[in-house]
Structures are given as C-alpha cells and as structure tokens.
Amino acid sequence: MKSFIKTLKWILVTTLVLVVGLYILGYGYIFKGIQVVYLTGHTTAFIDDYSYFDNRTIENSNPQPWELSEGYNSVSATQKLQKTNQKFGTVAFLIIQDGKLWYENYAENYSKTSKTNSFSMAKSFTVSLLFKAIQDGYIKNLEQPITDFFPEFNGEFAAKCTVGDLASMSSGLNWDEQYYSPFSMTAKSYYDTNVRTLITSLAIKDKPGQSFTYLSGNTQLLGMIIEKATQKSLSAYLSESFWRPLGMNDFGLWQLDGVESGIEKSYCCIATNARNFAKLGQLYLQNGQWNGQQIIKENFIKKAINPRFKDHPHYGYGFWLSNYKQKQIFVMRGILGQYVIGIPEDDILIVRLGHQRSPKKINHFPKDFYIYVDEAYNMLAKKNK
Numbered sequence: 001m002k003s004f005i006k007t008l009k010w011i012l013v014t015t016l017v018l019v020v021g022l023y024i025l026g027y028g029y030i031f032k033g034i035q036v037v038y039l040t041g042h043t044t045a046f047i048d049d050y051s052y053f054d055n056r057t058i059e060n061s062n063p064q065p066w067e068l069s070e071g072y073n074s075v076s077a078t079q080k081l082q083k084t085n086q087k088f089g090t091v092a093f094l095i096i097q098d099g100k101l102w103y104e105n106y107a108e109n110y111s112k113t114s115k116t117n118s119f120s121m122a123k124s125f126t127v128s129l130l131f132k133a134i135q136d137g138y139i140k141n142l143e144q145p146i147t148d149f150f151p152e153f154n155g156e157f158a159a160k161c162t163v164g165d166l167a168s169m170s171s172g173l174n175w176d177e178q179y180y181s182p183f184s185m186t187a188k189s190y191y192d193t194n195v196r197t198l199i200t201s202l203a204i205k206d207k208p209g210q211s212f213t214y215l216s217g218n219t220q221l222l223g224m225i226i227e228k229a230t231q232k233s234l235s236a237y238l239s240e241s242f243w244r245p246l247g248m249n250d251f252g253l254w255q256l257d258g259v260e261s262g263i264e265k266s267y268c269c270i271a272t273n274a275r276n277f278a279k280l281g282q283l284y285l286q287n288g289q290w291n292g293q294q295i296i297k298e299n300f301i302k303k304a305i306n307p308r309f310k311d312h313p314h315y316g317y318g319f320w321l322s323n324y325k326q327k328q329i330f331v332m333r334g335i336l337g338q339y340v341i342g343i344p345e346d347d348i349l350i351v352r353l354g355h356q357r358s359p360k361k362i363n364h365f366p367k368d369f370y371i372y373v374d375e376a377y378n379m380l381a382k383k384n385k
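Going by UniProt numbering, the first residue of the sequence shown is number 1, and it counts up by one from there.
Heads up, some of the hints might be wrong.
Stated by the list, open to error - Each computed SDA-like pair below joins lysine to any residue, with the alpha-carbon atoms no more than 20 angstroms apart:
1) 112 / 205
2) 87 / 347
3) 303 / 283
4) 303 / 287
5) 302 / 336
6) 327 / 97
7) 160 / 98
8) 325 / 249
9) 32 / 181
10) 367 / 335
11) 228 / 144
12) 140 / 232
13) 325 / 356
14) 205 / 177
15) 383 / 74
16) 382 / 59
17) 87 / 335
18) 87 / 287
19) 327 / 308
20) 228 / 147
21) 303 / 328
22) 367 / 328
23) 360 / 180
24) 112 / 75
25) 325 / 355
26) 228 / 136
27) 382 / 196
28) 83 / 347
29) 100 / 74
30) 297 / 282
31) 310 / 212
32) 112 / 147
33) 360 / 382
34) 325 / 283
35) 367 / 355
36) 382 / 140
37) 188 / 46
If you're looking for bench data, these hints aren't it; they were derived computationally from the structure.
Make a model of the complete structure from these sequences and hints.
The structure is reproduced here in structure tokens:
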C-alpha cells in the first residue's frame with residue numbers, strides 16, 4: 001500500500017509539474033487541443049469541431065436558392081467516385097454547370113443545410129475581403145505596406161512587405177507551417193486564445209515579394225489588417241460584402257481565437273454548407289458579377305486566379321491553381337479535402353466536403369482532387385445521352 005501511495009504521489013506531482021511547465025512555456029493551449037480532439041475520439045482537427053470554439057455569426061438575408069438544372073440528379077455517381085467518396089469520407093458532393101445545380105449528394109446524415117468547417121478554404125474568403133476593402137477605399141492597393149497598419153513590424157524587410165505579398169504567400173514571414181506537431185505555430189494559432197499576440201510577435205525575415213511559401217500566418221495577419229482598416233469584424237464585413245449580396249441560404253459561423261481577443265481565424269474556419277461555399281466559387285466563375293452587380297472588379301478576379309510567380313504556377317492570390325488536362329482551374333482548398341473547384345472554360349464548379357483527403361500529392365494537389373475532376377466530367381458526359 002505504501003508503495004502504491006508513493007507511486008500515486010509521484011504521478012500526481014509529475015503531472016502537476018508538466019501542466020505548470022506547459023503553461024509557463026506558452027503551451028497551455030495543448031490542453032484545449034486534447035479536449036477538442038482526443039476527448040471527442042479524433043486524432044486531428046475535424047469537420048464539426050467549430051462547435052467546440054467561440055464563433056462569430058455571419059448574418060445572411062434574402063436567401064437566393066440555386067437554380068436547379070433541367071437534369072438535376074438524373075445521373076448517378078460513377079463507381080470510381082463512389083469508391084473514392086467512401087474511402088475518404090465525402091459528406092457533400094456538388095456539380096454546378098452554367099450556374100445551375102446539376103448534381104448533389106450527401107452522406108452520413110449531412111444535408112444541404114449542414115455546416116462543416118472550411119479549414120483553409122477561408123483563405124479565399126479573406127483575400128476576397130482584401131479586394132473588397134481596396135474597392136471600398138479602406139486599403140489603398142495591393143502594394144500598401146503592412147507597416148501602415150502594424151508599425152510594430154520592423155527590421156530590414158518589414159516596410160517592403162505589402163498586403164499583396166500576404167495574399168500571394170510571399171511575405172517572408174517567419175511562420176512555421178506544421179500541422180501535426182502540438183508545439184507548432186499552426187497548432188498554437190488554432191487552439192490558443194490570443195492569435196493577435198502570436199502574429200505581432202513575428203518578423204519579416206526574408207525579402208518579400210520574391211517567391212511562394214505557403215504560410216497560414218500570412219492570411220491571419222491579412223485578416224487583422226482588414227479588421228483594422230475597416231474598423232469592422234471580419235464576420236460583419238463578410239456579411240456585408242458577400243454573404244448578403246450572394247444570398248447565402250443560412251447564417252455562417254467564423255471561428256474566433258477567444259472571446260477576449262475576439263479576432264476571427266482568418267486563415268481558416270468558416271462553418272457553412274456546401275451550397276454556400278459554392279457561391280464564392282461561382283462569383284469567380286462569373287468574373288465577379290452577381291445578378292448584374294459587379295461585386296468584385298474583374299481585374300481582381302484575374303489577379304486571384306492567375307499565378308503571381310512563374311516558378312510557382314500553382315498559386316495566385318488566395319486560390320490554388322491547376323492546369324490539369326490543359327484547363328485553367330482555380331481551387332479553394334482545405335486540409336481535410338475541402339474543395340471548391342472552378343473550371344472557367346466549361347463553366348463548371350465542383351464542391352467536395354469530407355473527413356479526409358489522399359495523403360499522396362501530384363503537382364501540389366492531393367491525388368483525390370484529380371479523381372473528383374475526372375469523375376465529374378465522366379458524369380457530365382452522360383448528361384445528354
């Protein structure tokens with residue numbers, strides 16, 4: 001018994017020291033991660049995890065339903081698509097052509113109104129807000145330095161870093177983009193309660209505007225700049241700029257770092273349904289026009305869906321890019337296989353939401369991305385047969 005009590009005391013003391021040590025070293029957020037992930041039976045972030053965080057509402061009004069194509073759901077998913085959907089846990093799959101919803105399928109009790117986490121698809125929304133802030137006169141242009149908004153960034157390269165560099169992932173920010181280490185900046189930004197402090201503690205370590213390096217910290221800083229420039233929360237500005245004008249069918253939720261800091265995680269974490277995610281992609285397919293109104297200027301659309309750097313043709317401003325099968329494709333993309341895929345040449349939009357994506361990549365895209373494109377075309381080929 002004495003031995004047992006002694007062992008128990010040792011375990012308790014060790015645990016206490018570990019807990020205190022993690023908080024002292026700034027890793028107290030790890031316990032939030034444990035609560036959200038492991039205690040809910042998961043091993044990483046998951047599509048319904050938004051409900052475990054503080055969120056701000058993105059208000060909608062006057063919903064505009066998608067027009068259904070004449071052949072709506074007249075063609076079934078191909079066998080290959082069905083197998084891929086089952087393998088990677090697809091919960092929503094949509095095909096839209098010529099602005100009309102042609103195919104729609106849901107799984108696991110998810111539906112056309114089910115909210116799930118966008119993850120990094122939110123980056124496309126944040127960069128779209130940058131374009132809108134420039135149009136509205138809150139930000140001068142893509143060349144405006146970040147130090148106009150956050151003069152605390154100093155050093156050799158800080159004054160040369162622009163909002164456009166943040167949007168095109170070429171800032172030179174000393175951010176560590178790791179997803180599966182609990183001690184990484186990405187994990188801290190996801191589970192901690194003060195992202196502002198984390199971001200303003202960083203520095204521009206490399207010459208900006210030179211090359212592409214994907215960093216979530218870029219988009220988080222960009223969101224903070226938009227918030228400061230507009231004097232509005234990102235959720236309110238998103239509602240005003242896109243959610244209401246595009247007639248989203250429900251309110252959205254944008255995850256916050258915490259109530260006290262109250263900044264949206266602008267690099268990720270908008271919760272809405274597949275039909276609503278599709279509308280931003282459709283806006284870009286329509287060159288920024290919606291119901292006769294120019295929501296985003298066409299020059300910004302072209303900027304977003306074309307590469308900034310010739311040696312990195314897979315990214316523009318807030319969108320991933322592919323030239324698969326000689327078609328210019330732009331993509332909103334999230335870490336668990338969230339995709340809004342726009343193909344302007346054929347006026348096609350593909351939306352896929354789900355639990356996982358392929359771990360294998362080909363030309364900067366997970367392998368399953370190509371399957372979704374191929375099988376959507378195979379289904380559309382049966383459209384007029």
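We went through each hint and held it up to the structure:
1. Distance hint between residue 112 and residue 205 is unfulfilled; the C-alpha atoms sit about 44 angstroms from each other, more than 20 angstroms.
2. For a cut-off of 20 angstroms, the pair hint linking residue 87 to residue 347 is broken: about 28 angstroms separates their Cα positions.
3. Between residue 303 and residue 283 the CA atoms are separated by roughly 14 angstroms; this keeps the pair inside 20 angstroms, and the hint holds.
4. A C-alpha spacing of about 11 angstroms is found between residue 303 and residue 287, which places the hinted pair at or below 20 angstroms, so the restraint holds.
5. For the given pair, residue 302 sits about 27 angstroms from residue 336 by alpha-carbon distance, which is inconsistent with the 20 angstroms threshold.
6. Among the hinted pairs, residue 327 with residue 97 is consistent with the structure: their alpha-carbon atoms are about 15 angstroms apart, no more than 20 angstroms.
7. For the hint linking residue 160 to residue 98, the alpha-carbon distance of about 42 angstroms lies beyond 20 angstroms, and the restraint is violated.
8. Restraint check for residue 325 and residue 249: the C-alpha separation of about 34 angstroms exceeds 20 angstroms, so the hint is violated.
9. A distance of roughly 14 angstroms separates the Cα atoms of residue 32 and residue 181; the hinted pair therefore holds under the 20 angstroms criterion.
10. The hinted pair formed by residue 367 and residue 335 meets the criterion: a straight-line CA distance of about 13 angstroms does not exceed 20 angstroms.
11. A hinted pair counts as satisfied when its Cα atoms are at most 20 angstroms apart, and residue 228 with residue 144 qualifies at roughly 14 angstroms.
12. For the hint linking residue 140 to residue 232, the alpha-carbon distance of about 17 angstroms falls within 20 angstroms, and the restraint holds.
13. Taking the CA atoms of residue 325 and residue 356, the gap is about 24 angstroms. The hint is violated against a cut of 20 angstroms.
14. Only pairs whose Cα atoms come within 20 angstroms are accepted, and residue 205 paired with residue 177 is accepted, the gap being roughly 15 angstroms.
15. About 8 angstroms separates the Cα atoms of residue 383 and residue 74, which keeps this hinted pair within 20 angstroms; it holds.
16. Between the alpha carbons of residue 382 and residue 59 the distance comes to roughly 39 angstroms, so the proposed pair goes past 20 angstroms and is violated.
17. Using a Cα cut-off of 20 angstroms, the hinted pair residue 87 and residue 335 holds, with the two alpha carbons roughly 16 angstroms apart.
18. Pair hint residue 87 plus residue 287 does not hold up; C-alpha atoms about 35 angstroms apart against a cutoff of 20 angstroms.
19. Taking the CA atoms of residue 327 and residue 308, the gap is near 18 angstroms; set against the 20 angstroms cutoff, the hint holds.
20. Straight-line distance between C-alpha atoms of residue 228 and residue 147 comes to about 12 angstroms, which keeps the hinted pair within the 20 angstroms bound.
21. Distance restraint check for residue 303 and residue 328: the Cα-Cα separation of roughly 14 angstroms lies within the 20 angstroms cut-off, and the hinted pair is therefore satisfied.
22. Note on residue 367 and residue 328: the hinted pairing holds, with a Cα-Cα distance of about 18 angstroms set against a maximum of 20 angstroms.
23. The hinted pair formed by residue 360 and residue 180 meets the criterion: a straight-line CA distance of about 16 angstroms does not exceed 20 angstroms.
24. Of the pairs offered as hints, the one joining residue 112 and residue 75 holds, with about 18 angstroms between alpha carbons and a cut-off of 20 angstroms not exceeded.
25. Taking the CA atoms of residue 325 and residue 355, the gap is near 27 angstroms; set against the 20 angstroms cutoff, the hint is violated.
26. A C-alpha spacing of about 14 angstroms is found between residue 228 and residue 136, which places the hinted pair at or below 20 angstroms, so the restraint holds.
27. With a C-alpha separation of about 51 angstroms, the suggested pair residue 382 and residue 196 falls outside the 20 angstroms cut-off, and the hint is violated.
28. Pair hint residue 83 plus residue 347 does not hold up; C-alpha atoms about 26 angstroms apart against a cutoff of 20 angstroms.
29. A distance of roughly 14 angstroms separates the Cα atoms of residue 100 and residue 74; the hinted pair therefore holds under the 20 angstroms criterion.
30. For a cut-off of 20 angstroms, the pair hint linking residue 297 to residue 282 stands: about 14 angstroms separates their Cα positions.
31. For the suggested pair residue 310 and residue 212, the alpha carbons sit about 10 angstroms apart, so the restraint of at most 20 angstroms is met.
32. Pair hint residue 112 plus residue 147 does not hold up; C-alpha atoms about 42 angstroms apart against a cutoff of 20 angstroms.
33. Only pairs whose Cα atoms come within 20 angstroms are accepted, and residue 360 paired with residue 382 is rejected, the gap being roughly 29 angstroms.
34. With a C-alpha separation of about 23 angstroms, the suggested pairing of residue 325 with residue 283 is violated against the 20 angstroms cut-off.
35. Distance restraint check for residue 367 and residue 355: the Cα-Cα separation of roughly 15 angstroms lies within the 20 angstroms cut-off, and the hinted pair is therefore satisfied.
36. Taking the CA atoms of residue 382 and residue 140, the gap is near 48 angstroms; set against the 20 angstroms cutoff, the hint is violated.
37. Distance restraint check for residue 188 and residue 46: the Cα-Cα separation of roughly 16 angstroms lies within the 20 angstroms cut-off, and the hinted pair is therefore satisfied.
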